[in-house]
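A.B. asks: Chains as they are written, first to last, in the UniProt record's numbering: chain B, 1 to 295; chain E, 1 to 295.
You may find that some hints are simply not true.
Identical copies carry no separate label here, and so any pair may be met within one copy or between two of them.
The calculated lysine-lysine pairs, modelled on DSS-like cross-linking and capped at a C-alpha distance of 25 Å, are [unchecked claim]:
| hint | residue 1 | residue 2 |
| --- | --- | --- |
| 1 | Lys204 | Lys98 |
| 2 | Lys62 | Lys33 |
| 3 | Lys246 | Lys172 |
| 4 | Lys2 | Lys33 |
| 5 | Lys45 | Lys2 |
| 6 | Lys246 | Lys33 |
| 7 | Lys12 | Lys45 |
| 8 | Lys103 | Lys33 |
Keep in mind the hints are simulated off the structure, nothing from the lab.
There are 2 protein chains.
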Amino acid sequence: MKSLDQFINQYKPLVESRLKSAIAELEAPKALKDSMLYSLEAGGKRIRPLLLFATLEAFKCKPEIGLDAAAAIEMVHTYSLIHDDLPSMDDDDLRRGKPTNHKIYGEATAILAGDALLTHSFKMIGNISPETASADTKLVLINKLSEASGAEGMVGGQVADMEGEGKQLSLKELEYIHINKTGRLLTYSVLAGAELAEASEQVKDKLQVFAYHIGLAFQIRDDILDLEGTVEQIGKPVGSDTDNDKSTYPSLLTLEGAKKALQNHIDHAKQELVTTNLNTSILEQITDLIGLRTS
Amino acid sequence: MKSLDQFINQYKPLVESRLKSAIAELEAPKALKDSMLYSLEAGGKRIRPLLLFATLEAFKCKPEIGLDAAAAIEMVHTYSLIHDDLPSMDDDDLRRGKPTNHKIYGEATAILAGDALLTHSFKMIGNISPETASADTKLVLINKLSEASGAEGMVGGQVADMEGEGKQLSLKELEYIHINKTGRLLTYSVLAGAELAEASEQVKDKLQVFAYHIGLAFQIRDDILDLEGTVEQIGKPVGSDTDNDKSTYPSLLTLEGAKKALQNHIDHAKQELVTTNLNTSILEQITDLIGLRTS
Chain B
1 MKSLDQFINQ YKPLVESRLK SAIAELEAPK ALKDSMLYSL EAGGKRIRPL
51 LLFATLEAFK CKPEIGLDAA AAIEMVHTYS LIHDDLPSMD DDDLRRGKPT
101 NHKIYGEATA ILAGDALLTH SFKMIGNISP ETASADTKLV LINKLSEASG
151 AEGMVGGQVA DMEGEGKQLS LKELEYIHIN KTGRLLTYSV LAGAELAEAS
201 EQVKDKLQVF AYHIGLAFQI RDDILDLEGT VEQIGKPVGS DTDNDKSTYP
251 SLLTLEGAKK ALQNHIDHAK QELVTTNLNT SILEQITDLI GLRTS
Chain E
1 MKSLDQFINQ YKPLVESRLK SAIAELEAPK ALKDSMLYSL EAGGKRIRPL
51 LLFATLEAFK CKPEIGLDAA AAIEMVHTYS LIHDDLPSMD DDDLRRGKPT
101 NHKIYGEATA ILAGDALLTH SFKMIGNISP ETASADTKLV LINKLSEASG
151 AEGMVGGQVA DMEGEGKQLS LKELEYIHIN KTGRLLTYSV LAGAELAEAS
201 EQVKDKLQVF AYHIGLAFQI RDDILDLEGT VEQIGKPVGS DTDNDKSTYP
251 SLLTLEGAKK ALQNHIDHAK QELVTTNLNT SILEQITDLI GLRTS
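Just chain B, same shape as in the assembly (with noise of 0.2 Å):
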């Protein structure tokens, strides 16, 4: 059986040299490409692209088929960071231990940087070559990308979070805002890889219901580090939720509490695994290092 770190190992670094190179590709201006670039290249755990390429294992498809999609959502996931990061909006001056995007390179050319990497990304999918890709499979592949990460979804999700902060919320809102801020993009990391492995319906339900279990357990686990992690884990200061205001899964259910609610969450993820008779063991491994993740 493949260990998650010989998976890691292989794909992490696939993805990150697709990204670098799309960006080599462009045609722009030197400062635009360098400001995408430089947060692309930031790191990160790159678990969105590990989500697609383990479910594509989990059929017994080459991960690789969905080298480009992965690289797609990441520019995406990239692009909200981005602008997450803005003064206007969190006001951060660090992303993994790294100065955000706007203090190397100015607001402006943060703000386009984000406006290009969500732009690109639909090309990504767009060009995905026809051998892997049917031109239906591709449709579907950009129509669910636009709901995951649009107002539907993710922005919407951000519209949420702030209408949230310094407001006493219930868990329903808590739960409204991350699935979709967090959630939508994540369970869309699962879904494009059973697209692109032409699973049945059912499956793919299965799999939603895994990867929503998933979604909210990364976000339970953020509100954990955020209170316990050290700076060196999660690249930015300690408690900076509190600080901020913000309704937290343990401002809400306690910290025993919410971590009661992220082992429920793992555990139901991994049951619904199980019914889906895949060759899941990657999936799992991911599901595990989400509920134990120190970064």
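Position chain E against the provided structure of chain B, taking the given hints into account.
C.D. replies: Just chain E, lined up with the frame of chain B:
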């Protein structure tokens, strides 16, 4: 022969109503939808949708088949205006005589409304009905929209424009900026019509030359208006380019020289149209409108 006025009266309300319904259909936070709709409804000539409709008319196709693509283009154009107006970019308080988006909704929501409009535009095209466009045609439309509006097009032009501020640009540098910042999306509007009409490569090439000239004519007229227009006509302070120390066609060519260059591009555009042997009466009238427009 149909007059341009009749054409505008028929198709401008159509695209405006489609934009409105597209936003109404979204399940998203109210503040986000309001902010998106505010800028979509801020008026304007809808020159891009009209170019697309007029191109379809030139092929004797029903302009209505271009409705969703036209709405998508207007969304991209509107997102670019919202982001351009931001304090870190042009810092404009007024747009078409009305407060800019961030003046009403705040900077964070304005950025996100722009992001959401851009994101949704790709789904608008992805969802064009299969009777109107094949999956392959839709992918061409998506890829070309990404190219025209991203790092290699509009966003790249905007970065070059910012880099050029306070510098004496050459005519070549100024043209690079405008071909990308304004021209590419105008050209796309024409070519999207040609794609939907299943035009031959030869005719598409001719229409691309036509669109290149009207794109530059559009920008030169803009620069002239900035000097000769009234606040009421242009919806912003007269002479703001000069105040912002921007290179313009009149500053490089003199006002007389700019007017001559404008007429040259209009003439070339119309000459190219004639060679297509299409039903180009509305496109010709739009070309004249671009040369003479006062707002």
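A.B. asks: Now tell me, hint by hint, if it's right for this structure.
C.D. replies: Here's how the hints hold up against the structure:
no., hint, result
1, Lys204 to Lys98, "neither (37 Å within a copy, 47 Å between copies)"
2, Lys62 to Lys33, "neither (30 Å within a copy, 40 Å between copies)"
3, Lys246 to Lys172, "within (15 Å within a copy, 50 Å between copies)"
4, Lys2 to Lys33, "neither (36 Å within a copy, 46 Å between copies)"
5, Lys45 to Lys2, "within (19 Å within a copy, 59 Å between copies)"
6, Lys246 to Lys33, "between (34 Å within a copy, 23 Å between copies)"
7, Lys12 to Lys45, "within (8 Å within a copy, 47 Å between copies)"
8, Lys103 to Lys33, "within (16 Å within a copy, 30 Å between copies)"
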